[in-house]
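K.L.:
One letter stands for each residue in the lines below.
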Amino acid sequence: MDEINKRQFAKDHGLTDEEYKKINYKLKREPNFTEIGVLGAMWSEHCSYKSSKIHLKKLPTEGPQVIQGPGENAGVVDIGDDDCVVFKMESHNHPSFIEPYQGAATGVGGILRDIFTMGARPVALLDSLRFGNPKLPKTKFLVEGIVSGIAGYGNCIGIPTVGGEVYFDDCYNGNPLVNVFALGIAKKDGIFKGYAEGIGNPVIYVGSKTGRDGIQGAIMASDTFTEESEQKRPAVQVGDPFTEKLLLEACLELFKTDIVVGIQDMGAAGLTSSSTEMAERAETGLEIDIDKVPRREENMNAYEILLSESQERMLIVLKKGKEDEANKIFKKWGLDFSVIGKVTNTKKLTIIENGETVCDLPIDLITSDAPMYDRPFEKPAYINELKKINLDEIPEPDDLNESLLEVLASPTIANKKWVYEQYDYMVRTNTVTGPGSDASVIRIKDTNKAVAITSNCNSRYCYLNPREGTKIAVCENARNLACSGAVPLAITDCLNFGNPEKPEIMWQLKESIEGMAEAVNALGTPVVSGNVSLYNETEGTAIFPTPTIAMVGLIKDVNKTVNQWFKDDGDVIILLGDTLNEIGGSEYLKVVHNKIDGLAPKIDLIKEKALIDTLIECANESIIKSAHDISEGGLAATISECCFNPNELKGALINSEPLKENGYRNDVLLFSESQSRAIVTTDKENIQKLKDIAAKNNLSIKLIGVVVGEKLVIENILDVSTKKAYDAWSNGFENTLFN
Amino acid sequence: MANFGVVLFPGSNCDHDCYYAIKKVLNQNCNFIWHEDTDLNGIDCIVIPGGFSYGDYLRTGAIARFSPVMNSVAEMAEKGTPVIGICNGFQILVESGLLPGSFLHNSSLKFVCKWINARVENTNTPFTYNLTENETLKIPVANGEGNFFISDENLKDIQSQVVFRYSDSNSNTTGNSNPNGSTDNIAGISNQNGNVLGMMPHPERSFEKIVGSDDGRKIFESVINWIETKN
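Taken in sequence, the protein lines are chains A and B.
Here the first sequence is numbered in my numbering, starting from 1 and rising by one per residue.
Here the second sequence is numbered in my numbering, starting from 1001 and rising by one per residue.
Bear in mind the hints are in silico, worked out from the structure with no lab data behind them.
The structure displayed is predicted, hence computed values, not measured ones.
Ideal placement from N, C-alpha and C gives every residue a C-beta, glycine not left out.
Hints are supplied without guarantee of correctness; some may be wrong.
[Said to hold, decoys possible] Think about it this way: if two alpha-carbon atoms lie no more than 25 Å apart in a straight line, the pair counts; the simulated DMTMM-like pairs of lysine to aspartate or glutamate are:
| hint | chain 1 | residue 1 | chain 2 | residue 2 |
| --- | --- | --- | --- | --- |
| 1 | B | K1024 | B | E1228 |
| 2 | B | K1023 | A | E657 |
| 3 | B | K1024 | A | D446 |
| 4 | A | K416 | B | D1168 |
| 5 | A | K332 | B | E1036 |
[Claimed, not checked] Which stretches of chain A does chain B cover? Using the computed rule of at least three CB atoms under 8 Å from a CB of chain B, they are:
| hint | segment |
| --- | --- |
| 6 | 240–253 |
| 7 | 261–268 |
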């Protein structure tokens, strides 16, 4: 291959002229065909984080609870008594757009491998999904495909999908988001890492055979979309959850022996990334005989094998001489097992094909020498055009009952049972609170503990104000957890943004990360894992900035778990926190007035902390019977959801006087999305205790009503039967999408 | 104390749930039986758990029936040992010919996971020995091909073998209470002897109130009681 062709070949692999020059300079020679493939994949945005790394460094990643922060396959957090949770969230946006079923399915498979490769048994999945306008045929196609892909994989492997979120917004018309979170449980001394240690130790390949699927997947995931993108379908992998189930059980059986040195799953960039990352961490080299890799297609060359993203494969470094012991386990589970190489002291990735060296690259060149850009950023023009909404220009609806029904039926707020009933959310018999409440709660067998998990991001707020919007995303997670009674511990994130080469997008990314850092510091919930998905653009239009955050919390006594539903007539309804005149960016404004405008709600991190501490203390003292945070749809939607108890619909009688103190309009009282608020209920006897706890935390508290009857009444403002509200909410999703 | 055996096929995924329910909640003896094992001596009750045996890539349960363990299960069933197949386990028992009928995709064509009510139709089995006719049990279903089908003609012959029907909480077998389109709301069925039970709902998932219901426990308590009485 001549030099010009090589340059073009490098370009096709996403390497710029500058980057290609750097490779030549560092290598003191020209890379060959296979080496360009390896470097193209590993220097891609998806694998190298070259645009985001410089800002990601600002994120707090440490704390006494953190056992493993970012840099491994998943984060590990201490939950006491030698137990720990292992979790991570990852995006599978690009593949899901091109092939929704397989794209979403392999997203689930990939994140599960990240968890069990650490030695943990996965026990829960969450899915954070974002789609375009629900009326578009393409959206329906994507919803059907992505939901059934998640169900197909998660149900088969037997890990419950216990929650998540589904949002609709026109900004995702050409670019849906599929962010999958998985959590596993392990013992502190049972954590495994991706280290290729011990010169001469054997390198083992286990799992499915390698095929030609997914070649260049990482490079595809680092590009924007055009009409031709659908031709990239062969770059999407195909999932086999049955094989992954066998691989999971075989690996967990292997971990019970003491013969594993290091292990890593083959995810993006397949064998290439797993081998180089394992060598990088241990500061060693690897020599791999590519002919020993099990394959399902004939005549595959080293380039294809190295860059294939075939699923359900693992790379393991064993203690020398223990190959047979390990082989027995994989044989029992009917999986391929092959010794493909050894750990060396060369600090190089050496690939042998037919006895010849076809790749001989320093590990440093592939990993730490990958470019890191400080890309220019600039505040986008649209931000300056946002204005405070002038309420006078927005007519107050004559019938606020009707407005509430519209808001409840909006598919972003409506009941998601069409989605979650397709997921097995109960397998493993740990689901204390499943989909539909603020946080999902999973008990940990043989202990009295439970973990609460949740994910959130209101991207409309992030579009209007990336910094505040991201803070809100972090805080809403913590608030959701606190509503269940859990103490927030740590977060994982998926940063979904547009093309970072545009300064306006880079500004959104930078602002968002800085906002996340502020909130994380205030709440003491460090970032322990995550990923970045850039180039979420189709035909030049970017999605709203969407930093999806998932948070994990601990409930020390599972019997003290709180959920959002009103329990008994006569219980007192209490509003915690302050309502402000904040309908900018609200669901009400979008659904009823068709506007995405105004300023995003502000967040006061001190007030938020006060609310969270109050909720946790109330749960610990068992003095609240329900707790639900106020988010999309405001106070009115929140109280409605509290009434939708799955066992029996409830009613509420609310006194509007305490709500009217600030003199706001009625629609503002009902639908403002002011942050740091929650609705709780309690027995009459516990009111004073609750007031004392709130006062201690400096949190405002208002007794606003009682649980009673079969209607939702806010005196002189709202009067609607719970059944009618429930029907609107319950059928809204299906009616909007499929009728 | 009764000896339970939980059969493990590649792809079973409710095996641990059954084990936990029997061993930890009910304090009985419980062991896993690998699908290649054939020695089931000493087992008082065989449990074929749910999941996706062999990925269900062919018809559900169609490959698992050929596993070596299934011949032994058939022999034990013939001798009168209680055998319960749950969800995928039910499908395997049907494919093995130990129970009548067949399975179709759910009428919604989608996987469905939700709480249902199972009405007790028949108390002449070891598994329903302690229960009352017409009582309802709150138990979840989670299946994609849980739509039990049997022809009208054969349905007449098996009426006495129907053990559970989907119903509402007031014991009415309505169309709305049927989660998957099963013929005649059938949720569980036994062989003629009554010792082999297949059911689509998952009793092992409703063993403790903390996870939503403990009604499923009654089915296992019943068989334990039956075994103890018989011994």
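K.L.:
Evaluate each hint against the coordinates.
P.N.:
A quick look at each hint next to the structure:
1. B/K1024 - B/E1228: holds (19 Å)
2. B/K1023 - A/E657: Distance ~56 Å between B/K1023 and A/E657 Cα, so the pair is violated.
3. B/K1024 - A/D446: holds (9 Å)
4. A/K416 - B/D1168: holds (22 Å)
5. A/K332 - B/E1036: holds (10 Å)
6. 240–253: holds (count 6)
7. 261–268: With 0 residues close enough to chain B, the hint is violated.
Checked against the numbered hints above, the structure breaks hints 2, 7 and satisfies the rest.
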